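Please build the complex by placing chain B on the supplied structure of chain A, with the hints as guidance.
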Amino acid sequence: MNEQPEPTGDTAVPAPQVTPVDESTRAAEASNAGPASDIAAAVAAYEAAEIAAAAEAAEADPVAGSTIPAGSARILAVPATIPAVGVTIPAVETAPADAVLLPLDEMAPAIAKASVSRRAFLGFGLAFAGGIVGAGALGQLFPVFADDSADVNPIVPGYDPKSKAWTFVVDTGSCIGCGLCVVACKEENHVPEAPEFTRTWIERHVRTTDGTLYVDSPEAGINGFPPESTAPGAAGKPVASSHFQPRLCMQCEDSPCTTVCPVSATYRTEDGVILVDARRCIGCGYCVTACPYGARYLTPAGERTPNDTPGVADKCTWCYHRINKGQKPACVEICPVGARRFGDANDPGSDIAAYVAATNPQPLHPEYGTRPRVLYLGPTLKEA
Amino acid sequence: MQVGGSTLTLGGRVVPTTPRAAGAALVREVRSMSFGLRIWMIFLSTFLAIGGVSALLALPPGWEIMGTKPSFEWGLLIVGYVFFAIITSGLCLSSSGATVFGIERFRPFEKRHAILAVLSLTTAFGIIALELHYPIRMVFGAVLVIAPTSPMWWMGVFYGAYLVVLLVEVWSMFTDHPRIHQWACTAAAGIAVCAPTTLGAVFGVIAAKPFWHGLFTPVLMVASAFLAGTSLLGMVFYFVHRLKLADHERAAPIAIPAVRLLLAIGLTLVSALVVRQVVAGLNSDELALRQATEALVSGPLAAQFWGLRVVAGFVVPAILLILPFTRTPAGTAIASGLALVGVFFDRLTFVTAGQIYPRGTLAGTVSYPYAEYTPSPVEIGIILGALAFIAMAYTLAERYLDMGETDVHVGIAWPWVKKHAHDDEHDLEHAETGAEGDVEAAGAGGLAAAGASTAGAGS
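If you're matching them up, the sequences are chains A and B in order.
Going by my numbering, 298 is the number at position 298 of the first sequence; the sequence numbering is gapless.
In short: position in the second sequence from 1, add 384, done, that's my numbering.
With the rest of the complex left out, here is chain B:
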């Protein structure tokens, strides 16, 4: 991206920035879009508009139009925040095989995961800003007032740092700064573990809600993050393959099988943790935990749990991954989509089950047999708008940014990174360039080659 005078260069396209010229360029761009893309953009714009209106209605003091109440304080917006926040972490966890460990089969994830991670984290922040009654105080309060006993404060620290690291990751990727990029990727992968763990701890420390309370909550949060991020990548790479987007040659033979592998791991992990959650809950001596779990499996949440969480989210994706004739890009994409829906409803049922059977009267409200919560149209509109925002921003990124493979993943020869033939080719190129006297190329590639050759000599 280059900015100069009244123009902006994006992915090789010169975009004028004066209002008149920008308008004309916009019309040209729309005309240059295919019919399908135009329909897609109109579809997303509609939901974006719904989300925008909902967000305006929810701005303080508009919180009265939410479905939450003192006896059910956390609702769909908290679910949305958690969902998009863990997607961010999952994207980095899924891609860490390439970005941190240099494993060849995950390299197609590298650029797309970073773009998606920035978008999903930005969306998560937007949703939580609408959920909070005084979001500006949160920004300043979290910085100016240190509250180390609060998991929510630490969550702010980790996710705030996460956004900075992700922005550095994207910037260094598109501006060819390999060393910075690799440091950013490694830091992002580390925070991708810390951040959802802390997010899980936000719920896990609340002894007043036995369904949330406990050490397994952060573990389930990290596992769900991994599954959610992998699922999103699975859907994206199907469209890369189907629509022949940039670097699509590697989607079907490399990226989609890699997604299939990670998806199988994620589904196994999360389903085991959900089984543990249900079995432990039903056999607990704690009445509130037992009742909440019963609400989940045989009460008002049963339809969501069995239909969307278990069948759509676990069983069908697992079958699609196992059967030989559905081990196709389309089969993997459907499995990914369903798994992602499953994670969303897993988080929804998690948040609601935690509050559905309070231990006692809450602020004068007796909830019997269960506390009730119905998301308001505004809350649903915000979530739909958030989904449309990510989809539209990502569509534009695919259209205007260079999503092809990048060489920035070989900046530093970490001791744990296995040397690949792929790297050798790059090193060879760099060496040839260096021999011609291009000191610039030798600076980056040569250092990596030197590190690798040193490691090779040592072994």
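Okay, chain A solo, but in the shape it has when bound:
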């Protein structure tokens, strides 16, 4: 085959001199040369078709038609088989029956209609990549998780969470329902004053002589309790038994709140305490609805909120900012009757391990299946 001149830009170059070749002779020679020459035969057939097309075009338009313009589509219009490797090159079905070379600019509309063009594909890819880079850059310039809340890392220097085995025990037989624990919690953690927003609360469980159980918690127990239960229907009924049940986050080992959080704002520290990153929380309320112990709430708009961040999930942290400095949670510290006990079971100086061994406290509602880490003693266990 004669050499084609290299096209120069968009300008059609003069037609090359096409030398007549006896193609049938050439193909026959190639096909007699054995399997290895099958490829050569197919190539020869292709070249013959190409030359024939060029000659035909030159005949039709001696100036432009005989030239294969830059970017011409090398499309074979008849099927060709290469027996040596068992490969069949299919024909393009939309092309005419005889062999032609379609310039790319003629094929472009059909290609663009039938599929995504390379330009569109590259454009989409670039736009997508640009979007990712742009979003990242915007995120750096205007950090969406940044606000005025406290340092994201609650672990203070010198505190080794892995060495801790924090244990919280509530003795419902000792609790007198004074509400000081609720007061201390609200003050220590800037919990909103409204009673429906609380990290810890006290319930009063009253069983009347007819066997009915009444539960009340007026204003979450922050002001103590009136002599008679405020639960609807309980007034005037003779009481068979009653006790107070302080409640708080159970710091569950299989915690639904950490599982369902869509942005991983709720997380478990290495010592097992579950915390909320107020800078990350989106305030969807999923963790609030998922907690079987009702230990969570969304902070309201207002000045007094934990971490000074309104509209995010909040819960008891066992006063994490205190315990990692060696202090006890505020509610434990203030309880006048020792109904709340807290300590590190790994600490030889703490009596919590011996207390647990001696009293055998149990989790509340183990049937929820979340493996709560707050343990209870007293009449509330018999009630369950």
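These are calculated hints, taken from the structure and not from any lab test.
Just so we're clear, the structure is a prediction, and the values are computed from it rather than from any experiment.
Any given hint could turn out to be false.
Reference listing, derived: stretches of chain B covered by chain A, where coverage requires no fewer than 3 residues with Cβ under 8 Å from a Cβ of chain A [to be verified]:
#1 440–448
#2 454–464
#3 577–591
#4 600–612
#5 744–758
Virtual Cβ for every residue (Gly too), placed ideally from N, Cα, C.
Quick look at chain B alone, frame taken from chain A:
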């Protein structure tokens, strides 16, 4: 749609984009509207304004004006989000017969379902943005922080992808990209199953709320989606038929009977699942589930459940579909409207029943005998505004976009797509065009014809 210089071409109408000219064009457009259309637009604008004001009031930190509280955290906005999100999926499920499987009788759904799906999903996103306290964090947080254990994160993934696919579907439909369109439709139909399933799982994994907990919740969500999407199509095609909108010739003989068929399937499916829900709930050993179900059937939710969910949502539509003399476009439209109302109240009672009988005290609040929740005027205003937004945007789409039948559904000869005479006509047209040397037409139509003829030869 074409953009050029200071003009925008929409459905053949040239719309100037300079403020003065745009204002004058707007006045001209309003004057060109019929009296009924003007009343309709004023009606919708009123509710849109109510919705807009409500949305402004609800912007952070305006969440205190919602009726929700720690003991009842999810309210009407969650219901609205779920409702519009499942409508989106239902539209794609109902139309998949045409868009994916090439069934002739569903082809009138093709364009209108896509427009409605984009609008309803956009509305759902708008509502959830107002429900979330920090919506921007959600957008970035869901992208930057992977939380694979959270169904809500997966819901974001599926619905986010869904919006992209739907936009591609609409774009390819109006710009005549058959292959892209068919891929987008197929992907949309797939996501239309995944997305409401995941949305159901958001509720279904919450063991703390026994009424929501369980595997049947995602199933009911998908079935409700199908019913909701079909119902909306039923209402739309009645108006297409009644107002003689684009392609109305096929509304009464093809689209509305198709809606009737799908509506019957949807009503049967959803009513069976609701019966299962009630029977299982009343016979459960779980006190909270039993109490929640009793609240639904004989407690504070009974009026909504029996009146709007069962009678208006199931019984009346079923009667309208069954009786011979109500098997008319108007009868089907009323059945569709009632079924859609039924789905809304089904989702409302579902969300409220899940929280109405908590297992215990929630953040210091004892709820006895039932937890109370009353939607605030702002929440109701947002939902009304959302409905008005969809109705107005869709009205404008009907007015300015070409809603006639499109040829884009024959882009790819899927192995499962049955060859129709309709396709043959198109192929013939394409072949004739190709013979005249129009390579462009042969590129798309010819490939489909080639695929179909190959399949035919194989059989």
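Problem set entry | Annotated coverage of the stretch 440–448 of chain B by chain A, confirmed only when three residues or more have a Cβ within 8 Å | That given contact holds, which follows from 5 residues of the stretch 440–448 of chain B lying within Cβ reach (below 8 Å) of chain A.
Problem set entry | Whether chain A covers the stretch 600–612 of chain B (at least 3 residues having a Cβ closer than 8 Å to its Cβ atoms) | Since 0 is below three, the answer is violated.
Exercise. Mind checking, does the stretch 577–591 of chain B have 3 or more residues with a CB under 8 Å from chain A?
Worked result: holds (count 4)
Exercise. Are 3 or more residues of the stretch 454–464 of chain B near chain A, judged by a Cβ distance of less than 8 Å?
Worked result: holds (count 4)
Exercise. Holds or violated: the stretch 744–758 of chain B covered by chain A, criterion of 3 or more residues with Cβ-Cβ distance under 8 Å?
Worked result: holds (count 9)
Hint compliance for this structure: hint 4 is the single one not met.
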